[in-house]
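So the chains spell out like this:
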Amino acid sequence: MTIIGDRQQLAYIASQAADARVNVELETEGMTLNIGPQHPATHGTLRIIARLDGEQVLWAEPSCGYMHRGYEKLTEVRTFPQVTALVNRIDWLGSFANEVPFILAAEQLMEIEAPPRAQWIRTILFELSRIANVSLFLGDLGVQLGAITPVFFAFRDREYVLNLIEGATGGRFHPNFDRIGGLKDDLPAGWVDETRAVMKKMRKFCDEIENLLFGNEIFESRTRGIGVIPRDVALQYGMSGANLRASGVDWDLRRDQSLPMAWDKVDWKVWTHLDGDSYARCWVRLQETRESTFIVERLLDTLPSGPVMTKVPRIIKVPAGEAWVSTENPLGEMGYYVVSKGDLGPFRVKIRSASFNNISIVPWLLKGVYVPDIITILASLYFILGDIDR
Amino acid sequence: MLLPLQSGKASPLSSPTDSSAEATPRQDAMREQLLSDISACLGSALVQSHINVGNDLCVRVATDAWATSAAALKTSLGFDYFCFLSAIDWLPSPFGKGEEDPTAEAVERDTEIKQGLAGGETRMQVFARIVNHRTHVGITLKTDVPDATPVVPSWVSVFTGANWHEREAHEMFGISFAGHPDLRNMYLPTDFEGHPLRKDFPLLARMVKPWPGIVDVEPLPGGGDEDDAEGSAE
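Just so you know, the sequences run in chain order A and B.
Our numbering puts the first residue of the first sequence at 1, with every later residue one more than the last.
Our numbering puts the first residue of the second sequence at 1001, with every later residue one more than the last.
Honestly, I wouldn't trust all of these hints.
The following label-pair restraints were derived from C-beta to C-beta distances [to be verified]:
{"id": "1", "chain 1": "B", "residue 1": "Phe1192", "chain 2": "A", "residue 2": "Asp193", "range": "51 to 57 Å"}
{"id": "2", "chain 1": "A", "residue 1": "Arg156", "chain 2": "B", "residue 2": "Met1207", "range": "19 to 25 Å"}
{"id": "3", "chain 1": "A", "residue 1": "Phe173", "chain 2": "B", "residue 2": "Phe1192", "range": "29 to 35 Å"}
{"id": "4", "chain 1": "A", "residue 1": "Asp267", "chain 2": "B", "residue 2": "Ser1157", "range": "41 to 47 Å"}
{"id": "5", "chain 1": "B", "residue 1": "Ser1157", "chain 2": "A", "residue 2": "Gly248", "range": "57 to 63 Å"}
{"id": "6", "chain 1": "B", "residue 1": "Ser1076", "chain 2": "A", "residue 2": "Leu274", "range": "24 to 30 Å"}
{"id": "7", "chain 1": "B", "residue 1": "Met1207", "chain 2": "A", "residue 2": "Trp191", "range": "42 to 48 Å"}
{"id": "8", "chain 1": "A", "residue 1": "Asp250", "chain 2": "B", "residue 2": "Ala1071", "range": "22 to 28 Å"}
{"id": "9", "chain 1": "A", "residue 1": "Ile13", "chain 2": "B", "residue 2": "Thr1122", "range": "44 to 50 Å"}
{"id": "10", "chain 1": "A", "residue 1": "Val371", "chain 2": "B", "residue 2": "Val1208", "range": "43 to 49 Å"}
{"id": "11", "chain 1": "B", "residue 1": "Asp1064", "chain 2": "A", "residue 2": "Pro313", "range": "42 to 48 Å"}
{"id": "12", "chain 1": "B", "residue 1": "Cys1041", "chain 2": "A", "residue 2": "Ser305", "range": "45 to 51 Å"}
{"id": "13", "chain 1": "B", "residue 1": "Glu1108", "chain 2": "A", "residue 2": "Phe173", "range": "38 to 44 Å"}
Non-contacting residues of chain B with respect to chain A, defined by C-beta distances greater than 12 Å in every case (computed) [what the hints assert, rightly or not]:
{"id": "14", "residue": "Pro1092"}
{"id": "15", "residue": "Glu1121"}
{"id": "16", "residue": "Asp1147"}
{"id": "17", "residue": "Pro1150"}
If you are wondering where the hints come from, they were derived from the structure by calculation, not from laboratory data.
Built from N, CA and C at the ideal position, the CB exists for glycine as well.
Full structure from sequences and hints, please.
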């Protein structure tokens, strides 16, 4: 660990010195490289404009807005239950996790709580979204470095999780299953046993990825000491999720705040890494995926019986007030600041999405890196376009 | 959010605009302590505050002191994590939800501007959230945006991450941030006119075609009283 720490520090200093040096050493004509909006390395329509000096980036600026759908405006003309259908599409790989904080905010304003069984199932589906989301990240990671195999494994095994989500909710990508006061339905018969089997498979997938990628020399040399984010910078930019924990900040909203969810009812571990480089971010995500499978299993062991829906009026009017609820989504902290004026719909919803903050660090982070590292750094930051633009 | 919701039948929500008279007996000792620390730290910059018991603390500061109070809270009280920054337009929408029958007579709409928690005097407010990453307690900061010249001090020198959030607030609400290095548009074309998240900016999709979801709130055939009518949830 100490050896890595030193290498780490040197790489950080070198990258900081780089942009100063390239300007002084020789007068060369720079070049502007336009990556995207349609580019295989950017997972969607993110456009990066980079000013280069040789192979080195002088400055880079992401250009957002190719997928701006104006959800904050649209929520103002929807009723509260209708909003979940919109927010599903923010982070489309972990859709169910987007619904939960909004529903919790509405429940907080209405001063109701979902029954225990609904809280448990919500948490289980939340963690399944995380597994489905992050397993694709783990596979995609290899593709950015030229390794094709992991992505096939990822798509193969994510399918099992999507089948589970489909089995319980009826929707593979956009479940729209969470309701104010509980859930739409109870779990189907046989779902619990199937989930246990799939969790074992997903742990095997994690081992596979760990053997394939994380022990790989090419992977290590492409990610260690690359794209280092020190913890105070991470905090200033509002980085969250695995990106923050990879910079050594021990903070997980599942553990550190009390919500009517079931995370605090079982025993699990928050993974952190001190390095703050691309490798650390990938490593933390891998461990979290494995931890999520344990969380799901332990929640299934303690799944209470009872109703999944509390009594709510058929036409939901949310009392006037303001509520902020955020949860630890697959991509990081996702929160909703909901302002209600006592109507059928919200007055204003501020959607705080994780990727927006996580990507806002890119201009700082890409200064002085080499062009091939842009790809690994972007991949390790892990963003979903819909989560940036909303 | 550290304190658990006090269980079971909570008393009805007190009036959200009323910060002084908390009608409920519920207590939030942690946030009250925090509030006294904050008021000691900010002094006269703190205008009004509201404790959302068990959930949140909302503090309104003077517009001139917007950036300096953030810096003070960051250095002396450890609020070093920048969560988000955005704005609210408190004007009731002159267009409603776009669900009325376009052929019917126009309905009279509420035009009174009523600010939310921790009060306010202006139509628009900027609000932001910062968190102490050691204690995991966050606060919501608000400030009024002067109606005549919508300019507030920028947070970029305090939290670098506020850069993009202020750009977003600038294009969506037309609020300027004094001291921001580069208030380019984030999402919209450079020559776009108007500020989409302002309430007086119409949602054109609703103007040209009535919302089909309108049928959702029709009562069920043979339905009983109003509460039993078809909800829009399912």
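Self-check item: Violating hint indices (sorted, rising)
Solution: Hints 2, 5 and 14 are the ones this structure does not satisfy, whereas the remaining hints hold.
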